[in-house]
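Asker: Here is what each chain is made of, one letter per residue.
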Amino acid sequence: MGNSPMFWRIVRRLITANYGRLFVILLALGAGAAITSALLNLQIDAKRRLTTEFRALGANVIVVPRDANATSGGTLDQTVIAGLPAENAGKPVPAVAFLYVIGEVAKAGEIHYQAAVIAGTEGQGLTQVRPGRRTEYSAELEKDPAACEAGAKAAGQFKVHTGDSLHLRNQGREATCNVFAVVATGGAEDTQIFTKLATAQTLAELPGRISLVQLSVTGTPDSIDRFIKALSKRLPGADVHGIKQLAEAEGKLYNRISGLLTATVIIVLLLTSLCVMAGMSNVAIERKNDVGLMKAIGGSVRRVVRLFLAEAIVMGIVGGLIGSAFGILGSIWLGKTVFGVAAEPRWIVYPVSVGITIIVSIASAFPLRRLASIRPASVFRGEA
Amino acid sequence: MFLRLVADSFTRRPKRKMLTLAALALGMAVATAALSVSLDVGDRLAQEFRSLGANLLVTPEADSLPLEIGGVDYRPANAGAYLPEADLGKLKTIFWRHNIKAFAPILEAQVKASPFSEYSLSDSPSWPAFTVIGTWVNHEVKIPDGTTYVTGIEKTNPWWQLKEGRWFREGGNECVIGKNLAAAMGTRLGELPGSGGVVAKDKLKPGSTLFTYTLNGHLGPKLDVVGVLDTGGPEDNAIVVPLDIAQSLAGKPGEYRRLYVSALTKPEDAFGRKDPKSMTPAEFDRWYCSPYVSAIALQIGQELKGTDVRVIRRVAEGEGTILTRVRTLLWLVTFAALAAAALAVGASAAASVLERRTEIGLMKALGAGSGLVGVLLAAEQLLVAFVGGGIGYAVGILLARLLGEKIFGFTPEPKLFLLFIVLVLASFITLLGSAYPLRRASQYDPAPILRGE
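These protein sequence lines map, in sequence, to chains X and L.
Heads up: the first sequence begins at 1 in my numbering, then just goes up one per residue.
Heads up: the second sequence begins at 1001 in my numbering, then just goes up one per residue.
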């Protein structure tokens, strides 16, 4: 194609000759590009965020002593906490060590003691591994070194509220703690008293020991499995396993939801591309007269097709660049609406969706190939 | 004549019309598929979330504090309150009875058990006591209205799965044994006097027999092991038996201590979280008649007297957050798809009007008014919209079906009102897309068009 400036001049004229058509084409291509980039971006982001959302379910991995069963009540050494990984899949892993003691508890000033489970805790993120609602809470009192938290049912039984003190005792060993919160989880935690780990260790006379560690690990089901395997290797004396109730349900739900999302996105993208393509082909057929004229003044079929392909590519690039940019901006806003946090734009999505738009645009020019069989004379005579 | 003109434009250039039609049908297929998935997905996902297990826990109201660690209650059998098993049928009489998907009562007891003769146990103080969990499996509950309902722990706690064998049958002396206990009991058998010091290497497995001996010195039933249970929880160290056997072992006939209820609920919104005590009567009615987990808890409490019904927060709230997010997400995808389809279809409609300038010019030259030309073209577009919308609806329903089967293993019901929505949408979009070019067309001066300028 020796005559390059002329070629591009024709392309330019083809594009700008009819502004109405130009607008229609850009609208269709841009809409397709916008939805492609928005959905792709949102889909990548949503799957990642879904794993984070699952953490609303609380601890999903537990570390217990190897010989622990209901009857022997073995314990672990407290030092295992230091050896726990701080993050998985780029997200911090809340981990809390528990030591359970069955002791006797009474409200300060009362003599009537009742048996209750005292749970000593240590670690970051108690509220993450033990989801529930704090019906009462005082941040001020939480700083108290002898602060403790009462389960809703236990608080009712001992008639304590935030600010009251509890006496704890177990086989002659005693401690006092000040309630800074009342927590309702609906589970066994409602009946327990949560103290500092050291307090429970003193009461149980088990210094440096813990019953178990609960972790809330973020990640896809596979990534959580790998986390468990790696941790098992690192802690040979302990039994690390997923909490089956959550692990199974989470895996199932994750697969369902991400499958649903992927399938919906694929179908929507496919249909949208086809829809754009059909609309564009409709526009392209209109070029019959142009093709007839070009052929009449001596343009070879190859040359003519190349001209229209160049036009399609230019349109695809322009429509794709504008539409995809809008789409990514849109997905940031959508992410904010759904997850409350703006979706992170993935820059890989931009070239991908521009690429798809160019392909759609070229494919839409496909009917022009059939125009190669047009005889110029019949076009000029107005026979359609 | 009018109809003839419309019909003629279809038969004269079928290929052209086919493309407009295809664009429309595809656009409407996106709309139908996305809409029907979004409409159905909430209910389907709510069902899926039941694999997380019970979201309500019922315990006696006037009770001593349970000494529960890791799912096992360490209170002695004579401490604390119990609830009557006979009342449980009332659960299926509450307002939201159809939302109660499953329930199972639990009663625990401590027992000595060995695969040898029961007498050997009395001589062996070192042999530990085991936890026996009594519950329902495939249990037929009598409902006060005269019907029966089958439910059990395998429905409330779907992660209680059998590694070997089958679940026990009620009425027989059968039990299922936790996988850790099955292994541990085998290795400790040598400690029993009756074993003659032989350590059995075999685990307990379906086919073994367990002799039981209650802690206060009575002989318990002889249990046939029919299955090995794997729950990943404390039940792996326990013996699971039909509720009536646990009742006789604990000496508490007809009673239970904890009830797990699995209910289909609506995620709690700001209104659902309101304290019912602070509501106006109208608000209370609306709240009571919505399947919020807290409303269902209240209704259960009204039926089962003397109970404390608590919402298991980690399940209920986790479910609520995730469901709301997924639902919003799908609606947004749906609307985005609708918008894109609308733009593409509109563009296609606009193109189909643009290309007909010559025709419009001719019509006007022959004396047609702008209004008539507009109505003629609009009628054509509407016809395309109806046919395209109809085809799109059919394709969309098929796709939604495929999606439903692939992902949830069920086929969504085709919804007829979607057809209506899709047709309205299709007409609206095509007319909107044609409006601007039609306006321009009506302003055309016929002469230059006919001259080909």
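Hints in this document: simulated from the structure, not taken from any laboratory.
One or more of the hints may lead you astray.
Unchecked claim - Partial selection, computed: residues in chain X whose CB lies under 7 Å from chain L:
hint, residue
1, Leu57
2, Ala82
3, Leu84
4, Ala86
5, Thr127
6, Gly132
7, Gly251
8, Ile257
9, Ala263
As the list claims (entries may be wrong) - A partial selection of chain X residues facing chain L, derived with a Cβ cut-off under 10 Å:
hint, residue
10, Leu126
11, Pro131
12, Ala296
Unchecked claim - DSSO-like mimics (lysine-lysine), calculated; alpha carbons at most 27 Å apart, straight line:
hint, chain 1, residue 1, chain 2, residue 2
13, L, Lys1017, X, Lys288
14, X, Lys229, L, Lys1179
15, L, Lys1163, L, Lys1222
16, X, Lys244, L, Lys1163
17, L, Lys1205, X, Lys244
18, L, Lys1112, L, Lys1274
19, X, Lys233, L, Lys1305
20, L, Lys1266, X, Lys244
21, X, Lys233, L, Lys1090
22, L, Lys1222, X, Lys252
23, X, Lys244, X, Lys229
24, L, Lys1101, X, Lys336
25, L, Lys1015, X, Lys288
26, X, Lys252, L, Lys1015
27, L, Lys1277, X, Lys159
28, X, Lys229, L, Lys1163
29, X, Lys252, L, Lys1406
30, X, Lys47, X, Lys244
31, L, Lys1305, X, Lys244
32, L, Lys1017, L, Lys1101
33, L, Lys1266, X, Lys336
34, L, Lys1305, X, Lys159
35, X, Lys47, L, Lys1266
36, L, Lys1142, L, Lys1017
37, L, Lys1090, X, Lys295
38, X, Lys252, L, Lys1305
39, X, Lys47, L, Lys1017
40, L, Lys1015, L, Lys1090
Ideal Cβ placement from N, Cα and C applies to all residues, glycine included.
Asker: Can you name, in rising order, the numbers of the hints this structure does not satisfy?
Answerer: 2, 3, 4, 5, 7, 10, 12, 18, 19, 21, 22, 24, 26, 31, 32, 36, 37, 38, 39 and 40
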